[in-house]
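K.L.:
Sequence:
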Amino acid sequence: MRLFLIIVPIFIFACSGSSNVDNEEALTDGQVIIPEQTENDSNEEINIEQTVVDESAEEFEQSEYDNVDWDAYEESMTKDFSFVILISTKSYDSALKRAEDASEKLGYPLNLRDLHPNEESGLSLPEDVCQGICGGGVVDYPQYLPRNDWGESKYVSIEYSNGFEGFTPGYYIVVVASGEKGDPIIQEALDESKVYYEDAYAKTCGDWMGCGC
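Throughout, the numbering used here is defined as the position within the sequence shown, counted from one, plus 860.
Keep in mind that a hint or two might mislead.
[What the hints assert, rightly or not] Lysine to any residue pairs mimicking SDA-like chemistry, simulated, CA-CA at most 20 Å apart:
#1 957 x 939
#2 1014 x 950
#3 1014 x 947
#4 950 x 1003
Don't read these hints as lab results, they were simulated from the structure.
All chains, full assembly: derive it from the sequences and hints.
P.N.:
Written out as structure tokens, the structure is:
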């Protein structure tokens, strides 16, 4: 009987220990239970992150040009160009006549760059050319782009004085040569021109070398 009484408590203790172990194993297997994140919470976090990125990009965009010396930039993109001019006239027909005559006498190629008279801009590139500048949709018609460094030294062209800094506005000018200030080609073309046109002269102005669109 005593033996039975001793065995019973031992059996109860053993069962109780087994139960505790089972509970611990269950917690270990299940790990820590974390509440599931809802779809709304996830979207909210993404939106917050996106807002931070957008604001940072905007701040960078604004600060990128804060320290730019625009006067120095403009000066670096502007060069002094000289032009040999045969005539300045209000009449496009008169300018065209002189240009054709000069091309024949001087032997310089006539290059009008497809410019044509226009009441609004004096001269203009063709409409399809305007639409193709800078990938299209940027430059409106009519549009006149003054000649500067076009890769030629001696040529005959009709330009419009409004496009050149310091020139009297409203005149068609017949140009037979251009180059950076001091280029020997200017004096050479001027000497050759004066053989036929005593009133030929050279004029220098600052020309913008960057993209004009």
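K.L.:
Take the C-alpha atoms of residue 957 and residue 939, compute the straight-line distance between them, and say whether it is at most 20 Å.
P.N.:
violated (31 Å)
K.L.:
Given the hint that residue 1014 pairs with residue 950, does the C-alpha gap stay at or below 20 Å?
P.N.:
At roughly 24 Å apart (the allowed maximum being 20 Å), residue 950 and residue 1014 break the hint.
K.L.:
Measure nothing beyond the straight line between the CA atoms of residue 1014 and residue 947; if it is 20 Å or shorter, mark the hint as holding.
P.N.:
holds (16 Å)
K.L.:
Taking 20 Å as the top limit, are the C-alpha atoms of residue 950 and residue 1003 close enough?
P.N.:
Distance of about 19 Å is within 20 Å: holds.
Checked against the numbered hints above, the structure violates hints 1 and 2; every other hint is satisfied.
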